[in-house]
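**Student:** All chains, please: the whole structure from these sequences, using the hints.
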Amino acid sequence: MWKYASILILSILISSYVHAQKYQSVSQVDKETFELYQKQQWKQLIVIGEKSIEQGIDFYYLRLRMGIAYYNMKNYRKSAVFFQKLSQQNPEDKSIKEYLYFSYLLGDRSMDAIRMQNELPQTIREKYGIDKIEFISGIYAETKYEFLDDYTINSDQIQQQTVRKQFHHYSLGLNHQVGKRIALFHAYSLVDLKNLTVSEGISFDEEVHQNQYYLKSSFQLGYGTKLVFSGHWVQTKVKGYPFTIETTTEAVLLPLQLKENGNGGNGNGAGGSENGGNGDSGAMVEIYPYANTQNSFIGYMGLQQDISNWKVSVGLLYYDTNDLSRWQQEVSVRFYPLGNLKFYMNGRFTNQMEEKLDGGWLNRRYWNGGLGFQLAKNTWAQLGYSFGDMFMQVENEGYSVYNSINLVKNRGDIGLYQYIFKGKLSIFLLYQKQRERNTYMINDELNRQHINVQSIIGGIKWNF
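All the letters of the sequence shown, read from the start, carry residue numbers -20 to -1, 1 to 444 under mature numbering (1 follows the signal peptide of the UniProt record, and there is no 0).
Everything labelled a hint here was simulated from the structure, so no lab data went into it. Incorrect hints may have been included.
[As the list claims (entries may be wrong)] SDA-like cross-link-like pairs, simulated, lysine to any residue; straight-line CA separation at most 20 angstroms:
#1 124 with 439
#2 389 with 350
#3 336 with 307
#4 11 with 31
#5 441 with 118
#6 174 with 436
#7 404 with 113
#8 413 with 130
#9 389 with 345
#10 11 with 38
#11 54 with 403
#12 124 with 379
#13 160 with 104
#14 124 with 382
**Tutor:** Right, here's the structure in full:
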């Protein structure tokens, strides 16, 4: 027994010695890494290189070999770290510029790659067919359609409920590149939806039309650091088309304008007045059509930082709608385990502060997680899941405005992305399913029901 224990202890000591081995000189590290470089033994080269740097042995050709090793291992985000420093030390080296450009491009650091694009030597641009930066750099279009179940409460005693019956969304946008460090994106969106609304027992159809204009500017403060500002202007037009119903009681003024037929007076539409009116039992009550327009504004500011295989973003958003203010804070992280786009993971936390009518603030929080991976040479898939309390939230740096009347408890999505024509054209299809909480009033009591809403979003983008 002692024999085996002694062998085990000796093995541990030898292993510890090997791992703790220190390289005595630059020449020793130079010799070993050069041999590994010639043999293209990239993994071993990286292990020795990282250990040497930890021990304070660091020189130009070590970082060059490590950058090339990481690049050949397709860990482009790691290789970018090395080539970026080498480029600062030797800005005239064309091969380093070439490695750095593609490390940015293949490591999901497109804005850094664009900044380098015009600085690449003519021979490299001709070799890979890299065009110079154009002012109009892309065009984007998308549409969204919702599949809705009928969740209307069929009851003579219902007092209030709003049921979404139809939803369509269309968007068209342009990308611009202004010099090396500034990128612009702006888009016009149109939203059409229809609701069935019950108020005080009276049902009516409601149409909502939204015209939206979105403008985002991205400023590159430094390689790997981006500052984002965006504004979103939303104009909402609401039109109501009530039913004519028979009532056994005298007409009562609701938020909508009422008129009693027969000997009743004159109604002036939305905001008008009701004159006279001897209410007879069994009289016909007509709710006049109504319309109103509201303008809202969304402002967003965000900071994004690339750190090796990580991308970290923080954002602050302000939303002014319905004469109330909303603030939204978010923190998101993306991790690339392989250092490239073949596999990545996302995480985001959002806190929303909503101003109350009676003063104070209501806090809502939700979390989002997801991952993306390469399915085929030019095909990617993305999975995501959100949970918490989502109500009139704004996502994607102020671009996506969710203005549902229902509180969303969770949302799952599956997306497919196809790239063709050497990546210049991309097509995507996104399926979403979310669980919403709808409220309704019966006998002066607030009730809740959970419904499932499915949607399909499709889009196309052409990069010039």
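**Student:** Look at each hint and say if it fits the structure.
**Tutor:** Verification of the supplied hints:
Of the pairs offered as hints, the one joining residue 124 and residue 439 holds, with about 9 angstroms between alpha carbons and a cut-off of 20 angstroms not exceeded. Only pairs whose Cα atoms come within 20 angstroms are accepted, and residue 389 paired with residue 350 is accepted, the gap being roughly 17 angstroms. Note on residue 336 and residue 307: the hinted pairing holds, with a Cα-Cα distance of about 12 angstroms set against a maximum of 20 angstroms. The suggested pairing of residue 11 with residue 31 holds, with an alpha-carbon distance near 15 angstroms, which does not exceed 20 angstroms.
For the suggested pair residue 441 and residue 118, the alpha carbons sit about 7 angstroms apart, so the restraint of at most 20 angstroms is met. Between residue 174 and residue 436 the CA atoms are separated by roughly 18 angstroms; this keeps the pair inside 20 angstroms, and the hint holds. Among the hinted pairs, residue 404 with residue 113 is consistent with the structure: their alpha-carbon atoms are about 14 angstroms apart, no more than 20 angstroms. Between residue 413 and residue 130, the direct Cα distance comes to roughly 16 angstroms. Compliance with the 20 angstroms bound is thereby established for this hinted pair.
Proposed proximity of residue 389 and residue 345 is supported: the alpha carbons are some 11 angstroms apart, at most 20 angstroms. Between the alpha carbons of residue 11 and residue 38 the distance comes to roughly 14 angstroms, so the proposed pair stays at or under 20 angstroms and holds. With a C-alpha separation of about 18 angstroms, the suggested pairing of residue 54 with residue 403 holds against the 20 angstroms cut-off. For the proposed pair residue 124 and residue 379, the alpha carbon gap of about 14 angstroms is at most 20 angstroms, so the pair holds.
Taken as a hint, the residue 160 and residue 104 pair is honoured in the structure, with Cα atoms around 18 angstroms apart against an allowance of 20 angstroms. A distance of roughly 12 angstroms separates the Cα atoms of residue 124 and residue 382; the hinted pair therefore holds under the 20 angstroms criterion.
The structure meets every hint from the earlier list without exception.
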